[in-house]
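Trainee: Read off the chains here:
Number of protein chains: 2
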Amino acid sequence: MMTNGIGNVLVGQSGGPTAVINASLAGVYEAARSLDAPRIYGMKYGIQGFLQGNLVELDKLLGDKLDVELMLRTPSSYLGSCRYKLPDPAQDEGPYRTLFALFERYDIRAVFYIGGNDSMDTIARLSAWGRATGSSIRFIGVPKTIDNDLMLTDHTPGYGSAAKYIAAIMKEVICDSSVYDLRSVTVAEIMGRHAGWLAGAACLACGPDCDGPDMILLPEVPFSPETFLRKVDALQRSKPNVIIAASEGVRTRDGVFLCDLVSGGGQLDAFGHKSMLSGTSRYLSDLIQSNLGCKSRAIELSTLQRCASHLASRTDIDEAYRVGAAAVEAARGGLTGRMVTLRRMSDVPYQCVTGTVEIEQVANLEKTVPADWIAADGTHVNAAFEQYARPLIQGELSPIFVNGTPRHIRL
Amino acid sequence: MMTNGIGNVLVGQSGGPTAVINASLAGVYEAARSLDAPRIYGMKYGIQGFLQGNLVELDKLLGDKLDVELMLRTPSSYLGSCRYKLPDPAQDEGPYRTLFALFERYDIRAVFYIGGNDSMDTIARLSAWGRATGSSIRFIGVPKTIDNDLMLTDHTPGYGSAAKYIAAIMKEVICDSSVYDLRSVTVAEIMGRHAGWLAGAACLACGPDCDGPDMILLPEVPFSPETFLRKVDALQRSKPNVIIAASEGVRTRDGVFLCDLVSGGGQLDAFGHKSMLSGTSRYLSDLIQSNLGCKSRAIELSTLQRCASHLASRTDIDEAYRVGAAAVEAARGGLTGRMVTLRRMSDVPYQCVTGTVEIEQVANLEKTVPADWIAADGTHVNAAFEQYARPLIQGELSPIFVNGTPRHIRL
Numbered sequence: 013m014m015t016n017g018i019g020n021v022l023v024g025q026s027g028g029p030t031a032v033i034n035a036s037l038a039g040v041y042e043a044a045r046s047l048d049a050p051r052i053y054g055m056k057y058g059i060q061g062f063l064q065g066n067l068v069e070l071d072k073l074l075g076d077k078l079d080v081e082l083m084l085r086t087p088s089s090y091l092g093s094c095r096y097k098l099p100d101p102a103q104d105e106g107p108y109r110t111l112f113a114l115f116e117r118y119d120i121r122a123v124f125y126i127g128g129n130d131s132m133d134t135i136a137r138l139s140a141w142g143r144a145t146g147s148s149i150r151f152i153g154v155p156k157t158i159d160n161d162l163m164l165t166d167h168t169p170g171y172g173s174a175a176k177y178i179a180a181i182m183k184e185v186i187c188d189s190s191v192y193d194l195r196s197v198t199v200a201e202i203m204g205r206h207a208g209w210l211a212g213a214a215c216l217a218c219g220p221d222c223d224g225p226d227m228i229l230l231p232e233v234p235f236s237p238e239t240f241l242r243k244v245d246a247l248q249r250s251k252p253n254v255i256i257a258a259s260e261g262v263r264t265r266d267g268v269f270l271c272d273l274v275s276g277g278g279q280l281d282a283f284g285h286k287s288m289l290s291g292t293s294r295y296l297s298d299l300i301q302s303n304l305g306c307k308s309r310a311i312e313l314s315t316l317q318r319c320a321s322h323l324a325s326r327t328d329i330d331e332a333y334r335v336g337a338a339a340v341e342a343a344r345g346g347l348t349g350r351m352v353t354l355r356r357m358s359d360v361p362y363q364c365v366t367g368t369v370e371i372e373q374v375a376n377l378e379k380t381v382p383a384d385w386i387a388a389d390g391t392h393v394n395a396a397f398e399q400y401a402r403p404l405i406q407g408e409l410s411p412i413f414v415n416g417t418p419r420h421i422r423l
Numbered sequence: 013m014m015t016n017g018i019g020n021v022l023v024g025q026s027g028g029p030t031a032v033i034n035a036s037l038a039g040v041y042e043a044a045r046s047l048d049a050p051r052i053y054g055m056k057y058g059i060q061g062f063l064q065g066n067l068v069e070l071d072k073l074l075g076d077k078l079d080v081e082l083m084l085r086t087p088s089s090y091l092g093s094c095r096y097k098l099p100d101p102a103q104d105e106g107p108y109r110t111l112f113a114l115f116e117r118y119d120i121r122a123v124f125y126i127g128g129n130d131s132m133d134t135i136a137r138l139s140a141w142g143r144a145t146g147s148s149i150r151f152i153g154v155p156k157t158i159d160n161d162l163m164l165t166d167h168t169p170g171y172g173s174a175a176k177y178i179a180a181i182m183k184e185v186i187c188d189s190s191v192y193d194l195r196s197v198t199v200a201e202i203m204g205r206h207a208g209w210l211a212g213a214a215c216l217a218c219g220p221d222c223d224g225p226d227m228i229l230l231p232e233v234p235f236s237p238e239t240f241l242r243k244v245d246a247l248q249r250s251k252p253n254v255i256i257a258a259s260e261g262v263r264t265r266d267g268v269f270l271c272d273l274v275s276g277g278g279q280l281d282a283f284g285h286k287s288m289l290s291g292t293s294r295y296l297s298d299l300i301q302s303n304l305g306c307k308s309r310a311i312e313l314s315t316l317q318r319c320a321s322h323l324a325s326r327t328d329i330d331e332a333y334r335v336g337a338a339a340v341e342a343a344r345g346g347l348t349g350r351m352v353t354l355r356r357m358s359d360v361p362y363q364c365v366t367g368t369v370e371i372e373q374v375a376n377l378e379k380t381v382p383a384d385w386i387a388a389d390g391t392h393v394n395a396a397f398e399q400y401a402r403p404l405i406q407g408e409l410s411p412i413f414v415n416g417t418p419r420h421i422r423l
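Chains as they are written, first to last, in the numbering used here: chain Y, 13 to 423; chain D, 13 to 423.
Identical copies carry no separate label here, and so any pair may be met within one copy or between two of them.
Here are the simulated lysine-lysine pairs, BS3-like style, with alpha carbons at most 27 Å apart:
id	residue 1	residue 2
1	Lys379	Lys97
2	Lys307	Lys97
3	Lys251	Lys307
4	Lys243	Lys307
5	Lys251	Lys72
6	Lys97	Lys251
Please keep in mind that the hints were generated in silico from the structure rather than gathered at the bench. Treat the numbers as computed from the prediction; the structure is a model and nothing was measured.
One chain only, chain Y, in its complex shape (with noise of 0.2 Å):
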């Protein structure tokens, strides 16, 4: 039965690594402290690590405060993660079950489940049978997603982390390639299935030191070999070294991936997504050569842009654990099959508050950028986009250095 305080919660870490899903954790793992939570339970992988019996004691592992700075530096997600979709409960009602059986034998009065879109549905489907059966656990859905696709979020934290850090390599990857007097075309492949999010934060390399990308390819914007290497062409005349990010979603008019036109295309993950487009860079890099004669280089900036804790952004860590702390606050107010939401009240200064939001507005939805922030012909993001986005990589939380590396937290 309910009591004043929050009960014993569960938190669990589901899809693909961020810089900052751990930050969500010591937001839920604190806030829940702070209510004396008897018990904080951790998934071990996910939901799928938990239907399994895979549960940690999160409140007798995180003992010094320490541990919980490492957690705010820690990349990736310090309980696992999973990519597991519940079924259709009219098909199958086996794991609703045995984990709605898990959650009364550990007396769970909270589920808490920081993930992407298909985290979503996750929660979404697990507050919708417990609400069919009658159960008052609470169940609320932590945002987190590098790709900032999530409806009805300002953006989601992960997202200023990465954009953080494709901007500032960027930079470093701009005077690497401008060494030499010398034509070429360096071509960054940025993360983003089907959103030009990430793509765009290549803008944020811009400044008084760096000219920032020539070019921003999207997957919002269908792609045309003979405008593009025009473009090319006639960026070379007036500098030497061409510099362009090319999000991994890039698709031609008929919709086919460009990573899909080269050798070794990805492999389908449970959701039916492709989990490694790889390609992109390869596949326009070939193009420049074999047509404008020039060299070329493929630069993929793969993996590290999601799990590069060294370089995230002091805001992205805050409201990371700001949107943890507050799906606890919600799930105490009797809340349960809500998202936390970030909502801008202002661009200058930066402010940004958490709110809710039915879950199911959420879950299995995509966002895009809006066409009012591309450029005009469709190979850049314009200022309404660096405005949007500027102020979600201030700020830094220096990594603990020891013996030459920073410091990571591990289970």
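On the provided structure of chain Y, position chain D as indicated by the hints.
Mentor: Coordinates of chain D only, in the frame set by chain Y:
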């Protein structure tokens, strides 16, 4: 004519970028200033640019001490670089006559060239020509290369920062790759054409919070697919997520680069080197997937490992600065045709001092990882390697963040 001072000096940067080549430039610049050099010229785009009359006046460009602080934090070559090889003067005296006429025009008394093996060849040829023609101009080489393959120096500036980047990034990659409770193999491709110094640095990821890579493949050890697959298979029986650090220079017993076994081999640069060996990790990843039926991901650390100034080693920056300053001191002392070296005086505490060697002893030779620093089965480095490399990644120099990204200086 020589006076008590050093006279006008000329400094250039050559070869591939590093995170600290500008720290050596700062060392040359500040040492020359402290000796009241009337003019401090910089070659624009190395000796090749200078041959075309491209130079800048550093003493006019770098007014504020903040400029030097930014230079210490700016990757790649502030002055631009080249990959130009001076011809054998017996066959073509032209470039020598042009260069020495330019030296005379600007009354240059000392020339400093910051670079790797090939750049030391340039200094060797210039000083030989100078000696043969009775010139009193002094030529000093300032070593830099992330490859760490120069002879007669304990290590080269640039290596420590690349090693620190590799160690830190491998820790983050391992966090990222171990997130699911699934069998997987991650292959991270690390630079190093003919020597395994960089790949070996992946061992520095190991510590209380990280097991480090499970295997390290070096160019020094011939690759056998059978032995490799057997080892990966054995590793997977004790842990689901296997991590491999592989040098881009790994070769078969017949001396064939693994990257040449996949499509899209590299291009030759002016020195006849492959300028991009990318493909080794893809080859290994494909080999694993097709033989062990297990998910495998290829990650290329790419150019980021040589230009990640945001994660540079303070030890490396300090030493790079000191070899630059020591070069000026060597020239002031009347030396020519020499390269500055680093001599390690002790491991605990780590102490290193500068020295000089005859440049002919260095040019065009390559230093590889000693056989007794490699594990007996050839798939890792041992404690002797770590003892050598660990001191080189100690310490940090905080980037100067402006508006969310590290600020650099540019010409």
